[in-house]
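Chemist: Chains as they are written, first to last, in this note's numbering: chain Z, 1 to 463; chain A, 464 to 711.
Careful, some of the hints might be misleading.
[As the list claims (entries may be wrong)] With a Cα cut of at most 25 Å, we get these calculated SDA-like pairs of lysine to any residue:
(1) A:LYS679 x A:ALA535
(2) A:LYS657 x Z:ARG18
(3) Z:LYS193 x Z:SER89
(4) Z:LYS193 x A:ARG515
(5) A:LYS657 x A:GLU587
(6) A:LYS657 x Z:GLN32
Everything labelled a hint here was simulated from the structure, so no lab data went into it.
From a predicted model like this one, the values you see are computed outputs, not experimental measurements.
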Amino acid sequence: MIEATDGRLAPVPGIAIRRAEFSGWGRYPRHQSGLVTLTAPADLTRWISGQTGVIARGNGRAYGDAAVGEKVTLSTRSLNRICAFDRQSGRITVEAGLLLSELMSVVVPLGFFPPVVPGTKFVTIGGMIAADVHGKNHHRDGGFGDHVEGLTLALPNGDVLSCARDENPELLDATIGGMGLTGTILNATFVLKPIETGFLRQTTIVAPDLAAAIAALSRTGDTTYTVAWIDCLARGASLGRSLIFAAEHAGRADLAASGSAGDAFPPPRPGRISVPVDLPGWTLNRLSVSAFNEAYFRLGAAKAGTPRLVEWNPYFFPLDGVGGWNRIYGRRGFLQYQCVIPTAQAQAVLSEILERVSRHGSASFLAVLKQLRAGRGLLSFPMEGLTLTLDLPMSAGVFMLLDALDTLVVASGGRLYLAKDARQSRSTFEAGYPNLPRMRDLRRATGAGGRVSSYQSARLGIQ
Amino acid sequence: MQPAHKTLLLAGGTSDIGRETALCYARAGWRVLLAARDVGEARRNADDIAARTGTQVSVHRLDVLETDQLQAFLDALPTLPDTVVCVIGELGDQTLAQRDFSHATRVLRTNFEGPSLLLSLLAERFLARGSGTIVGVSSVAGLRGRASNYVYGAAKAGFTAFLSGLRNRLAPEAIHVLTVNPGFVRTRMTAGMKLPPILTAEPSEVGGAIFAAAEKAKKDVIYVRKIWWLIMQVIRSIPERVFKRLKL
Ligand SMILES: Cc1cc2nc3c(=O)[nH]c(=O)nc-3n(C[C@H](O)[C@H](O)[C@H](O)COP(=O)(O)OP(=O)(O)OC[C@H]3O[C@@H](n4cnc5c(N)ncnc54)[C@H](O)[C@@H]3O)c2cc1C
Ligand SMILES: NC(=O)c1ccc[n+]([C@@H]2O[C@H](COP(=O)([O-])OP(=O)(O)OC[C@H]3O[C@@H](n4cnc5c(N)ncnc54)[C@H](OP(=O)(O)O)[C@@H]3O)[C@@H](O)[C@H]2O)c1
Chain Z
1 MIEATDGRLA PVPGIAIRRA EFSGWGRYPR HQSGLVTLTA PADLTRWISG
51 QTGVIARGNG RAYGDAAVGE KVTLSTRSLN RICAFDRQSG RITVEAGLLL
101 SELMSVVVPL GFFPPVVPGT KFVTIGGMIA ADVHGKNHHR DGGFGDHVEG
151 LTLALPNGDV LSCARDENPE LLDATIGGMG LTGTILNATF VLKPIETGFL
201 RQTTIVAPDL AAAIAALSRT GDTTYTVAWI DCLARGASLG RSLIFAAEHA
251 GRADLAASGS AGDAFPPPRP GRISVPVDLP GWTLNRLSVS AFNEAYFRLG
301 AAKAGTPRLV EWNPYFFPLD GVGGWNRIYG RRGFLQYQCV IPTAQAQAVL
351 SEILERVSRH GSASFLAVLK QLRAGRGLLS FPMEGLTLTL DLPMSAGVFM
401 LLDALDTLVV ASGGRLYLAK DARQSRSTFE AGYPNLPRMR DLRRATGAGG
451 RVSSYQSARL GIQ
Chain A
464 MQPAHKTLLL AGGTSDIGRE TALCYARAGW RVLLAARDVG EARRNADDIA
514 ARTGTQVSVH RLDVLETDQL QAFLDALPTL PDTVVCVIGE LGDQTLAQRD
564 FSHATRVLRT NFEGPSLLLS LLAERFLARG SGTIVGVSSV AGLRGRASNY
614 VYGAAKAGFT AFLSGLRNRL APEAIHVLTV NPGFVRTRMT AGMKLPPILT
664 AEPSEVGGAI FAAAEKAKKD VIYVRKIWWL IMQVIRSIPE RVFKRLKL
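The shape of chain Z in the complex, shown without the other chains:
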């Protein structure tokens, strides 16, 4: 089964290396790498020592080049076992390749919910830790990494280390948000929170402009989940026009009050629509997106005011209903731009960013605004401030536009999210991540430097 088609790869009996083309969810950039699929944690420890240019890959939902190894990409998807689950306390230990969707299908019907979820459930637990993902509750509950009690990490020499608050804590904090650069996470332990139903009680607030949106996010700061969807094609006085969705887990009483006699935990409906082929790049022009945003805004605004019950799946994962939606941007792919701006400068800088995107005419399907607090890991993205997320199709001038936006972000003391990044410069990265020297020291000390590397880490000079 040894199929080393590249002389630089060291073959090991029983482990097949196949060359393949990889990209992230944005389908840009694309790189060649060797694929190794781990079937058991023992495979890794047997194989890894002596390898260089290796990075772990979860479900490939990072947008850029973070999960593509310079030489070898290690698929963790077969490490998908639940190791232990205490149905009293909600404490659970899972292997790193388990999909969040699979975890939720097991625990939600039993009355438990993950402490933090990102905007798609098709991510692995390892990917959630490595990116220290934030949800709509970051302002209250922190990132997923804040909830990790402990994890097991395979170092590049094959050693396996336990990391917890009282055991290798520096390595734990470097691994949370560390984008795979400390080694491969094998499993992790965290505590699920109890829920009474699979519904959320959602209130929609209409904000006519950016200032109102930011004020509404701060006003709903006591609510567990808040997020603003910005119509980023609105201009002038309406710039930053938004819908704010604030929500709490609904209790049994809410469900009873709604007159629903149904199941407290309805099974998630499978996605009905999917995008089977690449659509031509022009599908998303300014007109079509503008029409979409208009419809979305009116629909949401019509429901504003009174709270209503929404199932967890459409509330947290509205895009998961459309399989392969990244293909609507065509084969050229697209970029997602996500920055965080410290609170004090947020309104001024974000309106400048929205202004420029709008002027550029780059159609953006998604423009999401969330409130963040400081993150836990050395390279965690979150900091006290507001984070804006935009999707941008490939077009002439989009890279120049984003370079200009980077300058604004850096000047404000903000940063870009590595899980979304496919193009930022070293200087933008270094300015945004002041703990980088500590990460480099730690990588030198554990032997990860030069051996554990992705195209992203090489591009950004993380050594």
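We have chain Z already, so just place chain A with the ligands on it with the hints.
Modeler: Quick look at chain A with the ligands alone, frame taken from chain Z:
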């Protein structure tokens, strides 16, 4: 029907098909005994099944090639299972098997001798008790020998014949025997092979089909994806003088 008190013995507890089959039984409330030669790997699956379903799962060491240990293995089980599913098998390497007798012997023994002897010992115990269900995972490769895998195919053919004879013998005793021909399945056995998607089942599909066929419909022989039945009808009807010139 009190499924909560029933026990499954899954022989081949590290296999992907075995894991999904055991999960199906556990979800229905069955207690699971996982038997495997690699106890550590089987424990990984046992913990997973227990965590997902809240059912009791234990691990038991079994190397089906150690045929003189099979009685002792069964004696040591905490209980005589209601159903046994044997997924043990090894695809092997056809070209190696052509020149290396020890490899050919192992493929023959792992797919035919070991599973057959294990199941026949269980059949005796089921007979003594008066109940039981026996499931053997064989292969469409056993339905006609092909140049690319005839050592494996011959062993599976033997196993299929063994199961059909056992079924014939036990039918009057109300002991049910099911033969499973999975077709292509996406598992580590087929990792890296290019398989046509419509002919390739997921391990969970095989698990679900086994549970339904063994415990509900009481079928005798199943093909997981129905299209395989048709394909095999066609393949078996080709005259040998034509078949011998085909590259399949
Ligand atoms: C539609 C959509 C919505 C999203 N919404 C959000 C959101 O709301 N909030 C948010 O924070 N993020 C969000 N993301 C980003 C996503 O959560 C992260 O990129 C996450 O890391 C993806 O997980 P994955 O399993 O696909 O990892 P991959 O994309 O495969 O890998 C991501 C990084 O994790 C590392 N990694 C993966 N597994 C391991 C492991 N076992 N050990 C060590 N390192 C590992 C990789 O090396 C890589 O650096 C969204 C993405 C999409 C596509
Ligand atoms: N995948 C397919 O496309 C396909 C198609 C048709 C039929 N099948 C059959 O389906 C069954 C399961 O296969 P799979 O795809 O799930 O592959 P697999 O994971 O390789 O399963 C084979 C199992 O047999 C076990 N085994 C091998 N020799 C053994 C021995 N001497 N003692 C005890 N256990 C032994 C293996 O244990 P170890 O982990 O210790 O090796 C493993 O659990 C096999 O019988 C196979 O022939 C598979």
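Chemist: With reference to the structure, classify each hint as holding or not holding.
Modeler: Hint check results:
Distance check on the hinted pair: A:LYS679 and A:ALA535 sit about 31 Å apart at the alpha-carbon level, beyond 25 Å; violated. For a cut-off of 25 Å, the pair hint linking A:LYS657 to Z:ARG18 stands: about 13 Å separates their Cα positions. Distance check on the hinted pair: Z:LYS193 and Z:SER89 sit about 9 Å apart at the alpha-carbon level, within 25 Å; holds. Between Z:LYS193 and A:ARG515 the CA atoms are separated by roughly 17 Å; this keeps the pair inside 25 Å, and the hint holds.
Among the hinted pairs, A:LYS657 with A:GLU587 is inconsistent with the structure: their alpha-carbon atoms are about 41 Å apart, more than 25 Å. Between A:LYS657 and Z:GLN32, the direct Cα distance comes to roughly 20 Å. Compliance with the 25 Å bound is thereby established for this hinted pair.
Hint check: violations occur at hints 1 and 5; the rest are consistent with the structure.
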